[in-house]
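Undergrad: Residue-level listing of the chains:
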Amino acid sequence: MIFDTIVGVSTAIGYSAINVIRVSGIEAFEMVSSIFKGKDLTTVLTHTVHYGHIVFQDAIIDEVVVTVFKAPRSFTTENVVEISVHGGSYIASLVLEALISKGARLAEPGEFTRRAYLNGRIDLTQAESIMDMINAKTRLQLQLATSSLSGDVRKRMESLQTELLDIIAIIEVNIDYPEYDDVVTMTNELIIPKIKQLIQSIQTILEKADSGKVIRDGIKTVIVGKPNVGKSSLLNTLLNEDKAIVTDISGTTRDLVEGELRLGGLLLRLIDTAGVRETEDIVEKIGIDKTKKALEQADLVILVLDQSRELSKEDELLLTLTQEKKRIIVGNKADLGPSHLSNISSIISLSAKTKQGMNALEVALQDLFIHASMHESTEVVLGNTRHIGKMQETLQALQDALHAAQSHLPIDMVEIDVKNAWTALGEITGDVATDQLIQSLFSKFCLGK
Amino acid sequence: MFQAIVIGGGHAGVEAALSLARRNLKTLLVTGNIKMISAMSCNPSIGGPAKGILVREIDALGGEMGKVTDQTFLQMKMLNYSKGPAVRALRAQADKILYPRKMQEILLSQANLTIKEAYVSQLLITDQLVSGIQLESGEQIQAGCVIVTTGTYMEGAILVGATKTSSGPDKQKPSIGLSTQLRELGIPTFRLKTGTPPRIKKDTIDYSKMELAPGDGNKYHFSFDDSFFVPIEKEWPCYLIHTAEQTHKIIHANLRKSAMYSGLVKGVGPRYCPSIEDKLVRFSDKERHQLFIEPESQFLDEVYLQGFSTSMPHDVQEEMVHSLPGLEHAVIAKYAYAIEYDAIHPTDLWPTLESKRVKHLFFAGQVNGTSGYEEAAAQGLMAGINAGNQLLQLEPFILRRDEAYIGVLIDDLVTKGTEEPYRMLTSRAEFRLLLRHDNADLRLSEYGHQLGLISQQRYDYFTKKKVQIEQEISRLRNHYLLPNPDTNKRLLQAGFGEIKDKTPYFDLLKRPEVEYIPMMSFLEDTTVTSLEVCEQVEISVKYEGYIKKALVEAQKSIKEEKILIPVDIDYSQLKNLALEARSKLQKIRPLTIGQASRISGVNPSDVQTILVYMRSIKAK
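Sequence lines, in order, name chains A and B.
For reference, each letter of the first sequence is one residue, going 1 to 449 in the numbering used here.
For reference, each letter of the second sequence is one residue, going 1001 to 1620 in the numbering used here.
By construction, these hints were calculated from the structure, which means they are not laboratory data.
As the structure is a prediction and not an experimental result, all values here were calculated from the model.
Honestly, I wouldn't trust all of these hints.
Said to hold, decoys possible - Here are some chain B residues pointing at chain A (derived, C-beta under 10 Å):
id, residue
1, G1048
2, G1084
3, A1086
4, Y1239
5, P1274
6, F1283
7, S1427
8, T1527
9, S1540
10, Q1555
11, S1597
12, V1607
Said to hold, decoys possible - DSBU-like, lysine-lysine: derived pairs with alpha carbons at most 35 Å apart:
id, chain 1, residue 1, chain 2, residue 2
13, A, K194, B, K1510
14, B, K1202, B, K1286
15, A, K39, B, K1510
16, A, K37, B, K1549
17, B, K1549, A, K196
Beta carbons are placed, not taken as given, at the ideal position from N, Cα and C, and that holds for glycine.
Whole structure, please, built from the sequences with the hints as guidance.
TA: Shown next, in the form of structure tokens:
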């Protein structure tokens, strides 16, 4: 669709204090309103600014200011909303995801300008150069959009697509060949468990996608290190620095969250601090398997080493065990003289005792979670944002389908939602076509008079 | 001197001829055999999912198919009733003798229409413009436009077992030579195949071994004008049986004798209407296939064996039929056969169904690669209307995909083309919730009236209905039910849930358990007088959310349809087009940005390139 509603980040995603997210198209007001807690943007005057919150799936994503431009008095001549959010790519991504899940499409490079041009808003004498840009960039983006899907994710998506197509095909056969008796008649009773199962699969995938989770739920953090490297003093220093510590809650969630602290604007949820607090050798005490298990659950590992000494076998074991994880390697005891571990790359040299170098830990954390995406190309970040947004749209469509089926709507209506889910999913893998559906009808069922 | 000539008197030809003549355009219909006009060479059934909606659309545009069916049916059934309003569809078993007879009467009494029994040997063409036809007798007839609706007659060949005979359907003479001329003109043709099952003498059947499939006993009719409806005393039943193990053995043992598998058939057969041997080969794990016995006519002693189309030799057909339950002693009245014929590529046509190659030459029906009476009639009507508009110097009449199944049908054909006989399916329509059979008149009557194809009386009736629907919906929005014990008691009595707050009737009707007609007893002063209005009100309110969403999608697609691409655009000037896109665009020459975006192989970036190019041309 050329005239769908598009969304994009108008500022360069990076270290800026504020990002502007622009939404343009017929449904711009409705879409933003659906995630905006504040005034009803569909009824406000044009060229007005409003304060409020972006809320998605019951979580406040950010405190924002939105500016409303009604067609045709806007940059693109369409309805436009500009949302000013706090800086950092994560918040921007979350807002994009939320809007994509409401049906917005991620704008192609230069698409706002192109719309402005096509709608006669701006006059570019060199249309040729725009065309070059469109082509080069969209082709690149298409490539990236699909290549950024890893083999595993793609397989999962495709199997979900097949499951959805199977349901749709049965309903279509029921409809187009009502007398064909070699297929079950899909009813709401039959479809409900199938949809529930699909919803669960998609929720699992979304939970695993590590994007917004970090902001919403915090970062599950494990502090590891052999005895006497200063894990507990580091922990205490961190806790003392954090004036906003919530509680020491134990066993309240399915992970053993034992404390929460804010560092560099991020929420760290400490798990398995038992091994840290006791000064005994954790590897020996709880065993390698258990350590591995603790590591598995973690979004972040803080590996504490004693930089006043050479690496021991235990240190090396921990370095190996954590190499696949997002980790920060801390060289503690910087107050005891020059480091013996300066050959370890990206080691943060600090002293929990004197608090020197604690700032570097904060920066490392931000680098890892807030600016990590800057090391990747913008397209890949956006590509992932698009995938997650589309997954959320798929989920929403399936929840609508479930609701429709539970409200005893006719199967034809339920199928509309199931088809929407199928389409949204297809936009991730890049293959959706009515022909595909018809193909599957006639290959699965022996139809015809 | 005629203004228009229609070649062929099948379901496409008759609608084309009538739509022209009814607009006072002098029209000639040339047919090989007047008695075969509107013949039902395959099953005597009209409508069904998607197809039934086509019939209603034809009716709303002043076509004849629905009205004639209403006067000649043997059984009428509403399919998919419980599956949802968008997919409900009427299907009739029509009387195979009465239907064509009635249609012939209408044609013969139609002013401005002349019918001639003859075969056309070639088209008269100068400078890529058609000016008339030449008959086999050598006689030449001039006209401003020509519509080709040759169905399965062009180079038709009947295939049974190892024999291939040059023939049209029902032992009619085929049309020879016309397709050679088309190819010479640069309109390539390709072979398609279809088939028909054996007909069985009805008094040689043991019905006790079959499952009864009756009509549903309701007085449904296709036409929005119910004055044509002729109710019947007793609907004729169909019967359901399944193939037996022995049937499959016989077919497998004789597979090489089938024309389909002996290499005799060159045409591509439809997935939608496979022969029984096809079904067995493609679905080898299926133990049985269902077959329907359908009545053909009150004047014939034979029935149609639906699902048993074959090109086996006669002796094998005998064996096959006798292996079926209830048909052990059946006598075959007519043997099954496969038929091959020449079709054109519909992508060689504009969305008006006019040839891109030869001006004023239109094509409609099975010759365009479709299958089915309804698909043919819809195209015939549209080709007739567009030929008429051309003669009257009016704008082309193109229905959008969000307006009608007819729009979907023609857009699919001219934009995507087809490699096998194309059948209309509800799954082809992305806006099917908007394209319901119950609202075909609301969607299309305005056009029918503008074109002069529906009467003032009928248009007035339609306008009244439309106003009533709107008034009633706004009344439901503005009238409220108050939550008091008495009201709640009555609600419970009616089988509805209680209300807690002041509730507009509109919201009450949205509840799953609430139906409109029982709800009406809670309202006073209703102006609604017809069940049709009730149906519209109920659907509009109950499915408001879904309908609204579909309308938003439709709006976006309409916006794309409104951007016209200049017909003379030179795609070789657009250097950024992908190679595949360029060649497809050059071939299809889409009229709108919407159509361009639906061509397979044309990506959004290619469409953007066209848009930017068009804008840059405009700027200069």
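Undergrad: A separate judgement is required for each hint: does it hold in the structure or not?
TA: Structure-based check of each hint:
| no. | hint | in the structure |
| --- | --- | --- |
| 1 | G1048 | holds, 8 Å |
| 2 | G1084 | holds, 3 Å |
| 3 | A1086 | holds, 5 Å |
| 4 | Y1239 | violated, 12 Å |
| 5 | P1274 | holds, 5 Å |
| 6 | F1283 | holds, 4 Å |
| 7 | S1427 | holds, 5 Å |
| 8 | T1527 | violated, 28 Å |
| 9 | S1540 | violated, 14 Å |
| 10 | Q1555 | holds, 7 Å |
| 11 | S1597 | holds, 7 Å |
| 12 | V1607 | holds, 6 Å |
| 13 | A:K194 to B:K1510 | holds, 26 Å |
| 14 | B:K1202 to B:K1286 | holds, 28 Å |
| 15 | A:K39 to B:K1510 | holds, 28 Å |
| 16 | A:K37 to B:K1549 | holds, 23 Å |
| 17 | B:K1549 to A:K196 | holds, 24 Å |
Going through the hint list in order, the structure does not satisfy hints 4, 8 and 9.
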